[in-house]
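Residue numbers (the working numbering), protein chains in the order written: chain S, 873 to 1196; chain X, 88 to 205.
Wrong hints could be hidden among the right ones.
As the list claims (entries may be wrong) - Residues from chain S that keep clear of chain X, each with C-beta distances beyond 12 Å, as calculated:
#, residue
1, 875
2, 909
3, 977
4, 982
5, 1039
6, 1059
7, 1069
8, 1074
9, 1076
10, 1089
11, 1121
12, 1126
13, 1129
14, 1157
15, 1165
Unchecked claim - Covered, in the sense of this in silico footprint (three residues per stretch, anywhere, with C-beta under 8 Å from a C-beta of chain X), are these stretches of chain S:
#, region
16, 891–902
17, 928–934
18, 987–997
19, 1106–1116
As the list claims (entries may be wrong) - Under the rule of at most 20 Å between Cα atoms (straight-line distance), these lysine to aspartate or glutamate pairs were calculated in the DMTMM-like manner:
#, chain 1, residue 1, chain 2, residue 2
20, X, 120, S, 951
21, S, 1045, X, 202
22, S, 896, X, 93
23, S, 1058, S, 1113
24, S, 894, X, 200
25, S, 952, X, 200
26, X, 120, S, 897
27, S, 952, S, 897
28, S, 894, X, 195
29, S, 952, X, 93
30, X, 120, X, 194
31, S, 896, X, 202
32, S, 896, X, 194
33, S, 896, S, 951
34, S, 894, S, 951
35, S, 952, X, 194
36, S, 952, X, 151
37, S, 894, X, 188
38, S, 894, X, 202
What the hints contain is simulated information worked out from the structure, not anything from laboratory work.
Backbone N, C-alpha and C fix where the C-beta goes; we use that ideal spot for every residue, glycine too.
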Amino acid sequence: MEQLINVILLAMLAIVAIATAKLKDLFATIILFGIYSLLTAAIFVSLDAVDVAFTEAAVGAGISTILILSTIALTARTEKPSTHSVFLPLLVVIVTGVTLVYGTLDMPGFADPDAPVQQHVAPRYLNDSINEVGMPNVVTSVLASYRSYDTMGEVVVIFTAGISVMLLLSSVKHREDELGNLKDLKHHPILLYVSQIMIPLILLFALYVQFHGDFGPGGGFQAGVIFAAAFILYGMINGIDNTRKIFQNHILRWLAVTGVILYIGVGVVTLFLGGEFLNYNVLTEDNLAGQHYGIFLVELGVGIAVAATMLSLFLTFSEVRRSQ
Amino acid sequence: MSTFLELYNYWIFIFLMMTGFYIVIAQGNLIKKVIGLNIFQTSVFLLYISMGKVANGTAPILIEGGAPYSNPLPHVLILTAIVVGVSTTAVAMALIVRIQEAYGTIEEQDIHEQDASL
């Protein structure tokens, strides 16, 4: 049964990918790409990667769709028909594809428990993490404790991307008044009332995802994105200017910096307490309690940094004025 | 048939990767190219997660009698990669907005023509 769901979902994914490649209307392409992301999230669930599915659903189907949509609002909606011959690209793609398929013939079969990838490192995480880190969700243990360095790098990358977007778009003309190209949608009563009910619930859910990530799927990355999504919804319906009343640029920048510094700060504190960088064991007398404190703080840093960056990405894009 | 089912996932991922690759090299619209890159990227995500799957396994959240669990390590790598992916997409979109400002178009061919006529 599981195999059947897997086969069908993957076939649907391939169909959506072809449609994305063929469509000339960019708006339709982007909406299809949102559907593609949602399908990917469903496949992640069927492959047991619940944390990943969570992130993909929030990021792929939510935030990246909105960002690309706001870009076509600033550029053009339809694609020009290409005058190039499709023969050469098709040939390159087919040759590469056939080579890769030839490469898969040596791969261990799908879901093979004896595959090399299952023999190394993973058993250690699955068997010992409950005694070393003490959290049921192994993904959180690995993300925030065993491979904390990696995660710190990722947070810095996200932060840098946010700064780059602000820099790139800061010299572009901004909307002159609140009647720019992005009007609010307050005149739609259904959107207005449904969003008033939804936004508090989304925020509450984001907090749950943030603080329950040790025991169930969730954590800072997912919570940050969901938190930002609630305010993006608010911004789309009640207008960007109203959102800016709370989230001014300097506040968002401060929040993003605070998140990153909180993460690195935990590492520095562990250094001063005599441990290695980001070794949470030294935070308290009891190793497991130390791990709990460390992961809590680090995930909080990730959540704040991701939420602030995602929100400022959205706001920066929606304030750019369309050029003639 | 069993070989087909064992390798079916990988073949779909290769197909998706090549679709993304085709969009990047054959289509001139810059937004379309970024979507192509995203499809390419998603195929790699799926490959990683697919390799971590264990038959009859469950999500790596430890519970009584839950074993076998799927491999948590690819999950961690891909989870962070997705969020980094959206950030880099945002940078690409910002660059596209700047290109639109400078050239008045986001079609690769028109940009080349304008560059050549300088």
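Results for each hint:
With a least CB separation of 7 Å from chain X, residue 875 of chain S falls inside the 12 Å interface cut-off, contrary to its annotation. Residue placement check: residue 909 of chain S does not keep its beta carbon more than 12 Å from all beta carbons of chain X (closest about 8 Å). At roughly 7 Å from the closest C-beta of chain X, the C-beta of residue 977 of chain S falls inside 12 Å, breaking its exclusion from the interface. Consistency note on residue 982 of chain S: stated as away from chain X, yet its beta-carbon is not over 12 Å from all of that chain's, at 5 Å minimum.
For residue 1039 of chain S, the shortest C-beta to C-beta distance to chain X comes to about 9 Å, within the 12 Å cut-off, and the non-interface label is violated. A cut-off of 12 Å between C-beta atoms confirms that residue 1059 of chain S is not in contact with chain X; the least separation is 28 Å. With a cut of 12 Å on Cβ distances, residue 1069 of chain S stays outside the contact zone with chain X, its closest approach being about 27 Å. At roughly 18 Å, the least C-beta separation between residue 1074 of chain S and chain X is larger than 12 Å, which holds for a residue marked as non-interface.
The claim that residue 1076 of chain S lies off the interface holds: its Cβ sits roughly 22 Å from the closest Cβ of chain X, which is beyond the 12 Å cut-off. The Cβ of residue 1089 of chain S sits about 7 Å from the closest Cβ of chain X, inside the 12 Å cut-off, so the non-interface label is violated. Its beta-carbon lying about 15 Å from the closest one in chain X, residue 1121 of chain S satisfies the requirement of being farther than 12 Å from that chain. In this structure residue 1126 of chain S is separated from chain X by more than 12 Å, as the shortest Cβ-Cβ distance comes to about 19 Å.
Listed as a non-interface residue, residue 1129 of chain S keeps its Cβ farther than 12 Å from every Cβ of chain X; the least gap is roughly 16 Å. The beta carbon of residue 1157 of chain S sits about 25 Å from the closest Cβ of chain X, which is more than 12 Å, so the claim that it is off the interface holds. Every Cβ of chain X is farther than 12 Å from the Cβ of residue 1165 of chain S; the closest lies at roughly 20 Å, confirming the non-interface assignment. Check on the region 891–902 of chain S: 5 of its residues sit with their Cβ under 8 Å from a Cβ of chain X, so the three-residue criterion for coverage holds.
Evaluation of the coverage hint for the region 928–934 of chain S: fulfilled, as 3 residues show C-beta separations to chain X shorter than 8 Å, against a requirement of three. For a cut-off of 8 Å, the count of residues in the region 987–997 of chain S with a CB near a CB of chain X stands at 6, and the three-residue condition holds. Taking a C-beta to C-beta cut-off of 8 Å, the region 1106–1116 of chain S contributes 0 residues in contact with chain X, too few for the three needed, and the coverage statement is violated. Using a Cα cut-off of 20 Å, the hinted pair residue 120 of chain X and residue 951 of chain S holds, with the two alpha carbons roughly 11 Å apart.
Taking the CA atoms of residue 1045 of chain S and residue 202 of chain X, the gap is about 23 Å. The hint is violated against a cut of 20 Å. A hinted pair counts as satisfied when its Cα atoms are at most 20 Å apart, and residue 896 of chain S with residue 93 of chain X does not qualify at roughly 35 Å. Between residue 1058 of chain S and residue 1113 of chain S, the direct Cα distance comes to roughly 13 Å. Compliance with the 20 Å bound is thereby established for this hinted pair. Our distance criterion of 20 Å between C-alpha atoms is broken by residue 894 of chain S and residue 200 of chain X, whose separation comes to about 25 Å.
With a CA separation close to 15 Å, the supplied pair residue 952 of chain S and residue 200 of chain X stays within the 20 Å bound. With a CA separation close to 14 Å, the supplied pair residue 120 of chain X and residue 897 of chain S stays within the 20 Å bound. Restraint check: the Cα-Cα separation between residue 952 of chain S and residue 897 of chain S comes to about 9 Å, which is no more than 20 Å; the hinted pair holds. With a C-alpha separation of about 18 Å, the suggested pair residue 894 of chain S and residue 195 of chain X falls inside the 20 Å cut-off, and the hint holds.
Note on residue 952 of chain S and residue 93 of chain X: the hinted pairing is violated, with a Cα-Cα distance of about 41 Å set against a maximum of 20 Å. Between residue 120 of chain X and residue 194 of chain X the CA atoms are separated by roughly 10 Å; this keeps the pair inside 20 Å, and the hint holds. Straight-line distance between C-alpha atoms of residue 896 of chain S and residue 202 of chain X comes to about 25 Å, which puts the hinted pair past the 20 Å bound. Taking the CA atoms of residue 896 of chain S and residue 194 of chain X, the gap is near 13 Å; set against the 20 Å cutoff, the hint holds.
For the proposed pair residue 896 of chain S and residue 951 of chain S, the alpha carbon gap of about 5 Å is at most 20 Å, so the pair holds. Of the supplied pair hints, the one linking residue 894 of chain S and residue 951 of chain S holds, its CA atoms being roughly 11 Å apart against a limit of 20 Å. For the hint pairing residue 952 of chain S with residue 194 of chain X, the CA-to-CA distance comes to about 7 Å; that is within 20 Å, so the pair holds. Annotation: proposed proximity of residue 952 of chain S to residue 151 of chain X is violated, straight-line Cα distance about 58 Å (limit 20 Å).
Note on residue 894 of chain S and residue 188 of chain X: the hinted pairing is violated, with a Cα-Cα distance of about 27 Å set against a maximum of 20 Å. The suggested pairing of residue 894 of chain S with residue 202 of chain X is violated, with an alpha-carbon distance near 28 Å, which exceeds 20 Å.
The structure is inconsistent with the numbered hints 1, 2, 3, 4, 5, 10, 19, 21, 22, 24, 29, 31, 36, 37, 38, although it conforms to all the rest.
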